[in-house]
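Peer 1: Sequence:
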Amino acid sequence: CIRHTAIVGLGGRSITTDLAHGLRTPLEQAELIKVEHGAALALESGREEVVEVPGVGGRPARRVSRQVLVDIIQPRVEEVLSLSLMEMKKSDYFNLMTAGVVLTGGCAMLPGIVELAEEMFNLPAKVGAPNSVNTVTAEVNKPTHATGVGLVLYGYNTKTEDENLLGENETHVFDKIADRMRRWFGAMSKAA
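Mapping of the sequence shown onto this note's numbering: residues 8 to 199, in sequence order.
Mixed in with the good hints, there may be bad ones.
DSBU-like cross-link-like pairs, simulated, lysine-lysine; straight-line CA separation at most 35 angstroms [claimed, not checked]:
1. Lys183 to Lys133
2. Lys97 to Lys133
3. Lys96 to Lys133
Label pairs and their calculated CB-CB ranges [claimed, not checked]:
4. Ser98 to Gly135: 13 to 21 angstroms
5. Glu122 to Arg190: 32 to 40 angstroms
6. Leu34 to Asp186: 15 to 23 angstroms
7. Arg10 to Gly64: 47 to 55 angstroms
It should be emphasised that the hints constitute simulated quantities derived from the structure, not laboratory data.
Cβ atoms here follow ideal geometry from the backbone N, Cα and C, with glycine treated the same way.
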């Protein structure tokens with residue numbers, strides 16, 4: 008069961024904004040650069056890699072090293088992890104977290120984020136993704152959607168356990184929500 012929740016108001020969008028400002032490029036381009044070339048830690052294998060940053064307003068494209076991207080991304084990732092750690096320590100459960108930390112969301116796919124999280128939390132870390140959710144699209148099984156899918160499944164499974172406490176009409180509400188989610192993910196896969 009869920010014991011504690013908290014919201015950290017920073018995440019992937021903050022990293023994208025930092026890249027847009029630091030590289031002087033539009034948000035859409037910054038997002039693509041983050042997804043395709045971003046990293047949370049300097050990686051020995053990619054230090055010399057060069058990334059093309061599209062120009063703005065008719066200006067020519069520029070080339071920057073991947074290390075420049077890391078120099079922009081890493082401080083923000085450290086801030087997000089630090090705020091997360093502070094929130095976790097506020098709960099009474101932090102000292103019970105011996106199994107480690109599960110990273111979810113789009114930024115969980117940044118190379119080096121697991122190592123950085125393990126260093127900052129002093130706990131094992133891994134990227135979490137939904138396990139074999141049967142849908143019309145594989146998109147649902149990515150870390151990007153892990154939290155949302157997990158909460159829907161948690162609610163559905165809790166509904167199943169408590170079904171005998173609910174009347175007939177109330178159980179249909181959960182089924183309608185699940186059907187709506189299936190249609191939404193189906194539409195999302197067609198658009199991708």
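Peer 1: A separate judgement is required for each hint: does it hold in the structure or not?
Peer 2: Going through the hints against the structure:
1. For the suggested pair Lys183 and Lys133, the alpha carbons sit about 33 angstroms apart, so the restraint of at most 35 angstroms is met.
2. The straight-line distance between the Cα atoms of Lys97 and Lys133 is roughly 22 angstroms, inside the 35 angstroms bound, and the hint therefore holds.
3. With a C-alpha separation of about 19 angstroms, the suggested pair Lys96 and Lys133 falls inside the 35 angstroms cut-off, and the hint holds.
4. For Ser98 paired with Gly135, a C-beta distance near 18 angstroms keeps the hint of 13 to 21 angstroms intact.
5. Hint check: Glu122 to Arg190, Cβ distance near 38 angstroms, so the stated range 32 to 40 angstroms holds.
6. The hinted range of 15 to 23 angstroms is not satisfied by Leu34 and Asp186, whose Cβ atoms lie roughly 34 angstroms apart.
7. Look at Arg10 against Gly64: about 51 angstroms separates their beta carbons, and that is inside 47 to 55 angstroms.
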